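On the provided structure of chain L, position chain A as indicated by the hints.
So the sequence lines, in the order shown, correspond to chains L and A. Going by the working numbering, the first residue of the first sequence is number 1, and it counts up by one from there. Going by the working numbering, the first residue of the second sequence is number 1, and it counts up by one from there.
The set of hints was computed from the structure by calculation and includes no laboratory data. Note that the structure is predicted; figures quoted are calculated from it, not measured. Keep in mind that a hint or two might mislead.
[Claimed, not checked] Distance windows between CB atoms, simulated:
#, chain 1, residue 1, chain 2, residue 2, range
1, A, K158, L, A57, 52 to 62 Å
2, L, L69, A, G76, 30 to 40 Å
3, L, G244, A, R75, 51 to 61 Å
4, A, R100, L, V11, 27 to 37 Å
5, L, L146, A, R46, 42 to 52 Å
[What the hints assert, rightly or not] Residues from chain L that face chain A, not an exhaustive set, calculated with beta carbons under 10 Å:
#, residue
6, E59
7, E100
8, S174
9, L188
10, F198
C-beta: ideal position from N, C-alpha, C; glycine also.
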Amino acid sequence: MTGSWPVKLDVFEGPLDLLLHLIKRNEVQITDIPIALITDQYLATLEQLPELNLDGAGEYLVMAATLMLIKSKMLLPPEPGADGEVEEDPRAELVQQLLEYQRYREAAERLMERPVLERDVFRGGGEPLERSTLATDGPPVRDATLGDLLAALRAVLARAQAPQPHEIFRAGLSVGECAQRILARFALGNRVAFDAFFEPDAGRDEIVVTFLALLELIRLRAVRAGQSERFGEITVWLATETLGEAVELARQLTDAEIWGRSGEDDERQRSRDH
Amino acid sequence: MNVNALEIIEPRADHEAADEQPVMDRLQAIVESLLFAAAAPVPLARLVQALDGHDRREVAAAVRRLAETYEREGRGLRVVEVAGGYQIRTVPEHGPWVRRLLGGKPPRLSRPMLETLAIIAYRQPCTRPEIEAIRGVDVDAVVTTLLERRMIRMVGRKDAPGRPILYGTTPEFLEVFGLPDLDALPPLRDLGEMADILRATDLSVTSEGVVPTEEASAGERGDAFEAPDESGDDS
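Just chain A, with the same shape it has in the complex:
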């Protein structure tokens, strides 16, 4: 199928410059199909590979144009760069509706999980004792859960007594939090700065764990559509 589509656009070199625009639109549409059909983020190199005959620059431009089109037209989708590739995703504001359609609750990310994940993300590779030293609690169960959810993985063993396992984050971690790569993690605050800030700011994090944000944001929207009430099927 792709092959046929490509045959149509292949002879573009023979066309006049005036035809350049429709050809680009075609390429953009094919990129849209590819990103839609792929479950995982697609690296640019893979798109180029699939779109045999187009160079990297052309394909990158098509992705960018697709992303711009979505934004400009206020569509319900966005092209985002995550985990080293491109992915088509729904816009965050539509989350409540999508979730109601799909059923079920959002994945629970408890505070212990997030804290442990943050430590691993920033310090990787790191060992369990290192995480425990920072959090002051045993993290055995949390690490197991994070491994099961494929947010972290074993990346080796530390050259230290007992050769403890070293953990690092996975591409899934980047995908879940919408990060292009690890460099996109916001920088950690340095310790001196922390002490100053702690004087002024509120330390509180709700003890129920960190709750999904959309309850708050849904209320602020002046949309004609109201976000679905999700408390209904909780019983």
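If we strip away everything but chain L, and leave its shape as in the complex, we get:
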């Protein structure tokens, strides 16, 4: 392991993870970290970050600053405190933090070694072959096709309550409204399970309109639908940078536009594609 260094930043869970990796790689003691060496290697790893994802990189940069501060403190001759106290090792706090983190990392590993429900062990009872409450959350590897979406819609419709005979047809639930309602779900997180858009007590009409709104949002590229495996659970996530952008895109979803000018929209979309 010399010269170039086949390590990508995104394999690390964060600055502490990267630091632990470097400490191990250099076979140094955590209680006596050669701070200059580790700082240099840390910074070198940061430089390999191809694009600065500001969110994630911020944490790495804060740590870089901390490391450099410790490094500079180590270079200064130890300065007795006002009352002659010996100054604390500048690395102490960092070491403490690394140990604390490692402690929970070990605990996490021990959890993983247990027989995990629906991975290693399975319970009886419940509904037959039901998809569990433990939804998969791996990054979706493929976009869901229309067929996948329709299959998911069928499942939702199958669960829908039979229409109540006395119920009066719900007035005007528009695709545009439903689209906004769908997008509101993303306020809490940028990934939402397909099923979550459909209230358990939703009627068929509501389900169908919601589904149409979802298709429209996909067409407008406000959201994308995907699944981590074939026939897997469908997850929907924002395709725009911010929720605001998606909401803005969805504004054009007035009913008139959908039913009256959708062809025109499609053409605009196609020409943009070329």
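Okay, now just chain A, sitting in the frame of chain L:
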């Protein structure tokens, strides 16, 4: 139905001592039915309630006998104590077959999720900033995922500036990891000990996250049955 079954065993008091054994077997069988039919772990008190007329001690003994029977006969099921109740589960060694039958991949538990979960499990109730201080990264998304999966829940607000939300684990967490209660979590290593161990041990955790264990264990088994190959339908 239970009522009928119970009527059959109810007059047991009138029987001779020689009949005690079959009566116990009957009770054990009913307990088996109850645990099989229930989706969630059943607390002993609920079993006692359902088995009207039997005291706690009798029911507990029946559960224990059922558990012993499964083990002794090498059955594919076990009675385990999880989340404050009893649950019938498949044995871990049969996981690959069961999963192939049910289809789909095992629930993904990523490293960020597990680390965050471990911190919450051991320190609960704790706030997001506390978790972030330990992991050194933002945990907003991970906490949301854990909430969605019902592994953690909000348990209150801390009496501190901003009144941050306090999180704790749920019964589902105990159920997923097969823990009877929070006391069953293995003790955290203390920090002094950690420093010593870090000198000697391998820090590495695979960067792909922690992978399911059965690939490793399946190979070691000398069974006549081979674990299903799960790489087949990955494409």
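Okay, the hints, checked on the actual structure:
For K158 of chain A and A57 of chain L, the Cβ-Cβ distance of about 29 Å falls outside the hinted range of 52 to 62 Å, so the restraint is violated. The hinted range of 30 to 40 Å is not satisfied by L69 of chain L and G76 of chain A, whose Cβ atoms lie roughly 59 Å apart. Take G244 of chain L and R75 of chain A: their Cβ atoms lie about 57 Å apart, and the range 51 to 61 Å holds. Taking 27 to 37 Å as the suggested C-beta distance range, the pair R100 of chain A and V11 of chain L conforms, at roughly 30 Å.
A beta carbon spacing of about 46 Å between L146 of chain L and R46 of chain A agrees with the range 42 to 52 Å that was offered as a hint. Because the smallest distance between the Cβ of E59 of chain L and any Cβ of chain A comes to about 5 Å, under 10 Å, the interface hint for this residue holds. A least Cβ separation of about 6 Å between E100 of chain L and chain A falls short of the 10 Å threshold, and the interface hint therefore holds. With its C-beta approaching chain A no nearer than about 28 Å, S174 of chain L sits outside the 10 Å limit, and its interface hint is violated.
A least Cβ separation of about 6 Å between L188 of chain L and chain A falls short of the 10 Å threshold, and the interface hint therefore holds. For F198 of chain L, the shortest C-beta to C-beta distance to chain A is roughly 16 Å, which exceeds 10 Å, and the interface hint is violated.
The structure does not agree with the numbered hints 1, 2, 8 and 10 stated previously, though it agrees with the rest.
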